[in-house]
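So the sequence lines, in the order shown, correspond to chains A and B. Following the numbering used here from start to finish, the first sequence increments by one per residue and tops out at 223. Following the numbering used here from start to finish, the second sequence increments by one per residue and tops out at 402.
It is worth saying that the hints were derived from the structure and are not from the lab. If you're wondering where the values come from, they're calculated on a predicted model, not measured in any experiment. Some clues are possibly wrong.
[Said to hold, decoys possible] In silico lysine to aspartate or glutamate, EDC-like type, Cα no more than 16 angstroms apart, as pairs:
| hint | chain 1 | residue 1 | chain 2 | residue 2 |
| --- | --- | --- | --- | --- |
| 1 | B | K8 | A | E118 |
| 2 | B | K168 | B | E179 |
| 3 | B | K120 | B | E179 |
| 4 | A | K21 | A | D57 |
| 5 | A | K180 | A | E169 |
| 6 | B | K188 | B | E174 |
| 7 | B | K8 | A | E104 |
| 8 | A | K184 | A | E204 |
| 9 | A | K58 | B | E397 |
| 10 | B | K96 | B | E132 |
| 11 | A | K180 | A | E204 |
| 12 | A | K58 | B | D394 |
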Amino acid sequence: MVNMELIKVSKIYRLDGIEVKALDNVSLQIEKGIFMSIIGPSGSGKSTLMHLLGLLDKPTSGEIKIEGEKVSFADDNQLAVLRNRKIGFVFQSFNLLPRTSALENVELPLIYAGVPTEERRRRAKEALTRVGLSHRLTHFPNQMSGGERQRVAIARALINHPSIILADEPTGNLDSKAGKEILKIFQTLNSEGHTIVLVTHDLEIAKTAQKIIRVKDGKLEKA
Amino acid sequence: MEILETIKLSTSAMRRNKTRSFLTMLGIIIGVFAVIALVSLGTGLRNYITGRFESLGSNNLYVIPGGGDESGGLNRMQAMSGIGSKLKPSLVEEVKKIGSPVSEVIGELEVPGVAKYRNKHLTVTMIGTTPEIFTLDNLEMDQGRFFNRSEVSSAKNVVVVGSEVVNKLFEGKEPLDKELIIADNRFKIIGTLKSRGGGVMGATADRVVLTPITVAQKLSDNKNLQTILVKVDDKNRMDEAKYRIKTQLLKTLKEDDFSVVSQETILNTISSILGVLTTALGCIAAISLLVGGIGIMNIMLVSVTERTREIGIRKAVGATNRDILTQFLAEAVFLSLFGGFIGVFLGYLGTLIVGKLLSANAFSWWSVLLALGVSSLVGVIFGVAPAITASRLDPVEALRYE
Numbered sequence: 001m002v003n004m005e006l007i008k009v010s011k012i013y014r015l016d017g018i019e020v021k022a023l024d025n026v027s028l029q030i031e032k033g034i035f036m037s038i039i040g041p042s043g044s045g046k047s048t049l050m051h052l053l054g055l056l057d058k059p060t061s062g063e064i065k066i067e068g069e070k071v072s073f074a075d076d077n078q079l080a081v082l083r084n085r086k087i088g089f090v091f092q093s094f095n096l097l098p099r100t101s102a103l104e105n106v107e108l109p110l111i112y113a114g115v116p117t118e119e120r121r122r123r124a125k126e127a128l129t130r131v132g133l134s135h136r137l138t139h140f141p142n143q144m145s146g147g148e149r150q151r152v153a154i155a156r157a158l159i160n161h162p163s164i165i166l167a168d169e170p171t172g173n174l175d176s177k178a179g180k181e182i183l184k185i186f187q188t189l190n191s192e193g194h195t196i197v198l199v200t201h202d203l204e205i206a207k208t209a210q211k212i213i214r215v216k217d218g219k220l221e222k223a
Numbered sequence: 001m002e003i004l005e006t007i008k009l010s011t012s013a014m015r016r017n018k019t020r021s022f023l024t025m026l027g028i029i030i031g032v033f034a035v036i037a038l039v040s041l042g043t044g045l046r047n048y049i050t051g052r053f054e055s056l057g058s059n060n061l062y063v064i065p066g067g068g069d070e071s072g073g074l075n076r077m078q079a080m081s082g083i084g085s086k087l088k089p090s091l092v093e094e095v096k097k098i099g100s101p102v103s104e105v106i107g108e109l110e111v112p113g114v115a116k117y118r119n120k121h122l123t124v125t126m127i128g129t130t131p132e133i134f135t136l137d138n139l140e141m142d143q144g145r146f147f148n149r150s151e152v153s154s155a156k157n158v159v160v161v162g163s164e165v166v167n168k169l170f171e172g173k174e175p176l177d178k179e180l181i182i183a184d185n186r187f188k189i190i191g192t193l194k195s196r197g198g199g200v201m202g203a204t205a206d207r208v209v210l211t212p213i214t215v216a217q218k219l220s221d222n223k224n225l226q227t228i229l230v231k232v233d234d235k236n237r238m239d240e241a242k243y244r245i246k247t248q249l250l251k252t253l254k255e256d257d258f259s260v261v262s263q264e265t266i267l268n269t270i271s272s273i274l275g276v277l278t279t280a281l282g283c284i285a286a287i288s289l290l291v292g293g294i295g296i297m298n299i300m301l302v303s304v305t306e307r308t309r310e311i312g313i314r315k316a317v318g319a320t321n322r323d324i325l326t327q328f329l330a331e332a333v334f335l336s337l338f339g340g341f342i343g344v345f346l347g348y349l350g351t352l353i354v355g356k357l358l359s360a361n362a363f364s365w366w367s368v369l370l371a372l373g374v375s376s377l378v379g380v381i382f383g384v385a386p387a388i389t390a391s392r393l394d395p396v397e398a399l400r401y402e
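Hey, can you work out the whole structure from these sequences and the hints?
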């Protein structure tokens with residue numbers, strides 16, 4: 001089964017009248033339960049690919065299917081709902097809300113999903129326990145270490161049972177020990193059945209995954 | 001997103017930036033306070049004056065100088081000041097000739113002046129009148145007696161003074177039989193009046209010096225009367241009395257020289273003038289509300305820029321444009337509504353003080369509704385632009401924002 005599919009997708013940016021082809025006629029299938037790495041140097045188009053996979057950006061041409069259904073990029077509302085239900089993000093810079101507790105950060109996607117308060121609280125606690133943060137529920141991001149913050153972000157990505165967890169350089173802001181712990185969590189999640197796409201520039205990190213895709217000059221090649 | 005979530009979200013944002021929220025609200029607080037306080041002041045003044053007039057009894061008619069429309073207006077106020085009056089004192093007798101329903105007729109002449117006693121001075125209104133005023137105006141003596149008819153006909157320099165004159169010039173000393181100096185003439189105090197009630201306007205009513213009309217005529221350049229007071233014995237015959245007085249006076253005067261007005265007419269005049277005044281004050285106060293609204297808009301725009309990344313995060317995890325719009329709009333409305341509530345509270349306190357000074361019920365509920373309505377409207381109007389800006393942010397750009 002295929003969770004997500006890119007069919008002949010191109011993305012062209014216009015910068016001061018000059019067209020830049022960030023992605024050139026790219027097709028990609030992400031099977032359910034896979035742990036995939038996308039690797040490439042900066043400027044290769046890997047961020048663009050990640051934004052398209054995360055439904056944060058619209059392709060210039062081509063189409064994207066999620067769980068077999070075509071994504072309409074004309075409808076911002078549909079995109080927001082799909083991001084909420086199908087995609088979990090983990091960013092390099094954590095992107096947690098400041099002055100907001102770990103619990104409330106993790107609850108955030110459920111608020112927009114319209115889940116009642118009590119269920120939200122329960123599920124957020126569960127998710128935080130799963131990433132080993134049951135002792136940090138009411139802490140603010142600035143009271144936690146980088147590794148802990150990234151684990152909160154992972155809990156947030158997990159909470160609405162997404163089809164894909166997209167991780168963009170998740171270890172980029174961490175020391176190697178914390179980085180390893182985070183990768184370990186991804187492996188565990190994958191072994192539990194979660195589909196994970198890890199975007200990185202570091203081959204060593206990419207090797208954690210079962211499959212590595214290389215992006216170069218806007219095109220994909222298998223590593 | 002549910003309403004409850006929206007409320008929670010916007011109040012928590014306010015709590016996070018307490019000082020800023022308070023300062024932003026201050027504009028609205030001051031605006032709402034000003035609207036309520038000024039409108040209440042106007043309304044209170046109106047209630048007070050209406051009350052005062054009603055206490056004078058309603059079956060009096062007044063003949064005043066100057067013609068014009070009977071409905072009231074600014075010419076009427078000018079006419080009431082008595083400048084260029086053509087009402088000769090002899091007209092009092094003319095009006096008396098009418099008989100029933102006219103029961104009593106009094107001529108009055110006002111002379112403003114400064115009353116002196118030893119080294120103390122007080123600006124007073126000297127009213128030349130006749131003894132009938134005592135019952136007609138429901139006056140009450142505190143000490144001594146009122147002047148009598150023979151004192152009027154002999155133009156004797158005697159005065160009856162209001163309670164404020166006694167308090168200010170004598171400060172607890174015995175005023176009876178003392179001499180006041182007004183316009184270089186000596187006047188013997190033969191009686192003092194009870195206070196006609198405290199308050200701003202009452203103070204003027206108590207700052208009077210009543211003297212025989214003949215005496216006032218000696219002091220004044222214009223020997224003519226300012227007002228002829230007519231008491232009608234039957235309230236139902238007011239219109240008839242008015243008509244007959246008019247016919248009688250037209251024998252000697254021209255139509256433009258005088259008007260016969262009832263208390264109601266005078267009341268309407270004052271009431272309409274105060275109404276305009278209240279509206280004007282309210283409008284001026286509303287400008288400060290507008291300024292408060294601009295303050296909110298400014299802060300919300302800053303807040304949107306500052307929280308660009310937060311908006312990006314929220315959009316990434318599934319917030320729709322509408323969710324973001326609602327969030328920022330709710331924040332703006334809450335800021336101004338909170339400010340509005342505090343403003344109403346302060347305005348209420350202010351009104352209580354005004355009410356104490358005017359001894360009239362001044363608080364008007366419609367000003368509260370208006371202020372709250374306007375302040376939430378201000379929140380919506382000035383919150384919409386920043387909220388739209390926020391909702392339209394591109395998630396990729398917003399997440400990159402440093």
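Legend entry - Satisfaction of hint between E118 of chain A and K8 of chain B, Cα-Cα up to 16 angstroms: The given pair, whose Cα atoms are some 15 angstroms apart, holds under the 16 angstroms limit.
Legend entry - Pairwise hint evaluation, E204 of chain A against K180 of chain A, where the allowed Cα distance is 16 angstroms at most: Measuring from Cα to Cα gives roughly 11 angstroms; hence the hint holds.
Inset, instruction - Starting from K58 of chain A, check that the Cα of E397 of chain B is at most 16 angstroms away, please. - result: Judged against 16 angstroms, a Cα distance of about 13 angstroms means the pair holds.
Legend entry - Pairwise hint evaluation, D394 of chain B against K58 of chain A, where the allowed Cα distance is 16 angstroms at most: Within the cut-off at roughly 11 angstroms; holds.
Inset, instruction - Quickly compare the C-alpha distance for K96 of chain B and E132 of chain B to 16 angstroms and report which way the hint goes. - result: It holds: about 13 angstroms lies between the C-alpha atoms, which stays within 16 angstroms.
Inset, instruction - Verify the proposed pairing of K120 of chain B with E179 of chain B, using a straight-line Cα cut of 16 angstroms. - result: Answer holds: K120 of chain B to E179 of chain B is near 12 angstroms, not above 16 angstroms.
Inset, instruction - Please work out if K21 of chain A and D57 of chain A have their alpha carbons no farther apart than 16 angstroms. - result: The hint holds at about 15 angstroms.
Inset, instruction - Measure nothing beyond the straight line between the CA atoms of K184 of chain A and E204 of chain A; if it is 16 angstroms or shorter, mark the hint as holding. - result: 14 angstroms, holds
Inset, instruction - Sort out whether E104 of chain A lies within 16 angstroms of K8 of chain B, counting only the CA atoms. - result: 12 angstroms, holds
Legend entry - 16 angstroms Cα cutoff - pair K188 of chain B, E174 of chain B: 13 angstroms, holds
Inset, instruction - Assess, step by step, whether the Cα of K168 of chain B is no farther than 16 angstroms from the Cα of E179 of chain B, and give holds or violated. - result: Holds, at about 15 angstroms.
Legend entry - Pair hint outcome, K180 of chain A versus E169 of chain A [Cα-Cα no greater than 16 angstroms]: 13 angstroms, holds
In the structure shown, no violation is registered for any of the earlier numbered hints.
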